[in-house]
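2 protein chains.
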Amino acid sequence: MKKHNFSAGPCILPPEVLLKASQAVVDFDNSGLSLIEISHRSKPFVDVMEKARTLALELLGLEGKGYKALFLQGGASTQFLAVAYNLLENKAGYLNTGTWSNKALQEAKLFGDIQEVASSKDANFNYIPKGFEVPSDLDYFHCTSNNTIFGTQLKSFPKCDVPMVCDMSSDIFSRQLDFSQFDLIYAGAQKNMGPAGTTLVVIKEDILGKVSRQIPSMMDYKKHIGSGSMFNTPPVFAVYVSMLTLEWLKNLGGVKAIEEINNKKASLIYSEIDLNPLFKGFASKADRSTMNATFTLENDNLKETFETMLKEAGINGLNGHRSVGGYRASMYNALTLDSVKVLVEVMSELESKA
Amino acid sequence: MKKHNFSAGPCILPPEVLLKASQAVVDFDNSGLSLIEISHRSKPFVDVMEKARTLALELLGLEGKGYKALFLQGGASTQFLAVAYNLLENKAGYLNTGTWSNKALQEAKLFGDIQEVASSKDANFNYIPKGFEVPSDLDYFHCTSNNTIFGTQLKSFPKCDVPMVCDMSSDIFSRQLDFSQFDLIYAGAQKNMGPAGTTLVVIKEDILGKVSRQIPSMMDYKKHIGSGSMFNTPPVFAVYVSMLTLEWLKNLGGVKAIEEINNKKASLIYSEIDLNPLFKGFASKADRSTMNATFTLENDNLKETFETMLKEAGINGLNGHRSVGGYRASMYNALTLDSVKVLVEVMSELESKA
Ligand SMILES: Cc1ncc(COP(=O)(O)O)c(C=O)c1O
Ligand SMILES: Cc1ncc(COP(=O)(O)O)c(C=O)c1O
Ligand SMILES: [Mg+2]
Ligand SMILES: [Mg+2]
Ligand SMILES: [Mg+2]
Ligand SMILES: [Mg+2]
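Line by line, the protein sequences are chains A and B. Using full-length UniProt numbering, you'd call the opening residue of the first sequence number 1 and step up by one each time. Using full-length UniProt numbering, you'd call the opening residue of the second sequence number 1 and step up by one each time.
You may find that some hints are simply not true.
Remember, identical chains collapse to one label, so a pair may be satisfied in a single copy or spanning two.
[Claimed, not checked] List time: in silico DSBU-like cross-link candidates among lysine-lysine, alpha-carbon distance up to 35 Å:
| id | residue 1 | residue 2 |
| --- | --- | --- |
| 1 | Lys204 | Lys223 |
| 2 | Lys280 | Lys303 |
| 3 | Lys341 | Lys311 |
| 4 | Lys204 | Lys280 |
| 5 | Lys341 | Lys210 |
| 6 | Lys204 | Lys103 |
| 7 | Lys91 | Lys223 |
| 8 | Lys311 | Lys51 |
| 9 | Lys303 | Lys43 |
Hints were generated in silico from the structure; no laboratory data involved. Quick caveat: nothing in here was measured; it's all calculated off a predicted structure.
The shape of chain A in the complex, shown without the other chains (with noise of 0.2 Å):
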């Protein structure tokens, strides 16, 4: 049975870049060796790695405009540390819109002074906060661009007098934006790009070295970005199923196509939660994500029925994170329009069991 997967991560990717990958795992472009078992100082990875780099700064607009991407190890997680490592010599301000922000607040603690400078914790980051300013002493402002297990999404960002950190985990390439309004912009592989054990960084290389302390190497992005990311040995098929998504991606029509489908879709789900009074959506309307819908059903006594039909129709991951109960669906950008349907179909389909 054909399966829809609604997984928050690691998530769905294209058929057709499993399906590559899956071949590159016996036999590398006809080399007669796997891509797991050469070198990566060998020419043939090399060309991977410099192809992933360059896709990801095309698809943001940001080719030569002085950044730089890596794809680094550790997963979003490293990267909360490794921005302090780098920028924080005094103060930094956070922006706290859920779980991620403020795990990457709690780890910037050990290296500065920090200030919460808006939060939407009184209402179980049900929201997005708006109108506060962002203070102009600050060494960096960090923010999350979509908070995947509340399901909310900022739609703008604030003027920034100081250099600009987006976590975009969740959300990078799914939507047109001024990605030069970001100083670093970092992202883990699994959800928009590929598989788990890869990050995306992108740097605007000026901000760096502005730090007075020592940064051990695989901490240091001056060093990352000095080897072409490849410091150490990097995560091979990670990053080669990256570039894969991303040449997907592109050929697409980039990140103005997949933001027409991922529309689509979110319009979808989110019209059906508002019209059928079964269920309920728990972020607030004007901040609603466009990748991860959360929602309740109403009525407990059909959550059996729901699931068991959840089940039937082939949908998979629909859990909701503990912290908010109830349903998510993520509809990253290899899920198709098909799959929101047939969801929407079973939603509805209760709706008229009910």
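Got chain A sorted already, so can you dock chain B with the ligands onto it with the hints?
Frame of chain A; chain B with the ligands shown alone:
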């Protein structure tokens, strides 16, 4: 043409492992979903992680002895840093046997005093220092069991009153040792265990919790242990392939069985190096690595002929590291005796041509 893959890392893996891994990328255990698109918190993946962790301890004979196994991101290079973060309060001792141990030592310097207990730098690291004493006032002693670049290997380890930490990146699971003499073992997967992208860390739990500094979450072994090696999204594919490779090794008869094969491969190449007047070994005989045989071709005029012959025989990855020059035959667990025979034939054919 069949390839004989002598790459130093990433390196050869068992063909049956590659086949299973390739299959899992399109359809994991007949689930209809790819291994890389399911949640790492789902039971099928948690089972993979737990099996990998258990197999690692079992193959090292460390089950039930107070050790925990972790599969982390960041490569062995991140462990250079993590070891010091977790264990270095005042002073640590390092045995300097080449590039990697020197890098480990340099990173640790950011966290405390470092004493170079012994070094073989005087002879470009072509031997392992012996007869040194490990001071008893150290927080820990660090050594590198196999020096991938220079082709030397510790055949025995010093008596040590303080915790002993060992970088086994390039010879873990290749030979029998009393692994309980070590308190912390780490190894990048990309030699004897799997693809680049994960690092095995095996820790005797009772050495932790003794430093006064605050440790960032992603560097904190206790946090990783407490969350079952899933503090954040693990590198799913690399862990899965490592699990498959450890399973393969167990089915083969474990470390004891592979050690016999590894010894045969090493004897074969080293006797050719010694007997063939065209070649000269780099490492001191007593310290020769069973994993990486380093050697030079004495007559530069034969270089082109030799390399053409290697190519015609399907031999890949024989170039030496720039710090040593010449050639390096890496003979990790998955390399067959047959491949070594093919190489030795080419070497002796060169002699007959010369
Ligand atoms: C927005 C966001 N930031 C950070 C993370 C943590 O990523 P990782 O598990 O790669 O460390 C996640 C994971 O889901 C996330 O959604
Ligand atoms: C003995 C040893 N230690 C450490 C490393 C560094 O490993 P990584 O590239 O995974 O950081 C290597 C890499 O070849 C190695 O051989
Ligand atoms: Mg700015
Ligand atoms: Mg409703
Ligand atoms: Mg001891
Ligand atoms: Mg000789």
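Hint check:
{"no.": "1", "hint": "Lys204 to Lys223", "in the structure": "both (14 Å within a copy, 32 Å between copies)"}
{"no.": "2", "hint": "Lys280 to Lys303", "in the structure": "within (14 Å within a copy, 73 Å between copies)"}
{"no.": "3", "hint": "Lys341 to Lys311", "in the structure": "within (15 Å within a copy, 54 Å between copies)"}
{"no.": "4", "hint": "Lys204 to Lys280", "in the structure": "neither (41 Å within a copy, 49 Å between copies)"}
{"no.": "5", "hint": "Lys341 to Lys210", "in the structure": "neither (50 Å within a copy, 55 Å between copies)"}
{"no.": "6", "hint": "Lys204 to Lys103", "in the structure": "both (24 Å within a copy, 28 Å between copies)"}
{"no.": "7", "hint": "Lys91 to Lys223", "in the structure": "both (24 Å within a copy, 26 Å between copies)"}
{"no.": "8", "hint": "Lys311 to Lys51", "in the structure": "between (39 Å within a copy, 28 Å between copies)"}
{"no.": "9", "hint": "Lys303 to Lys43", "in the structure": "between (54 Å within a copy, 21 Å between copies)"}
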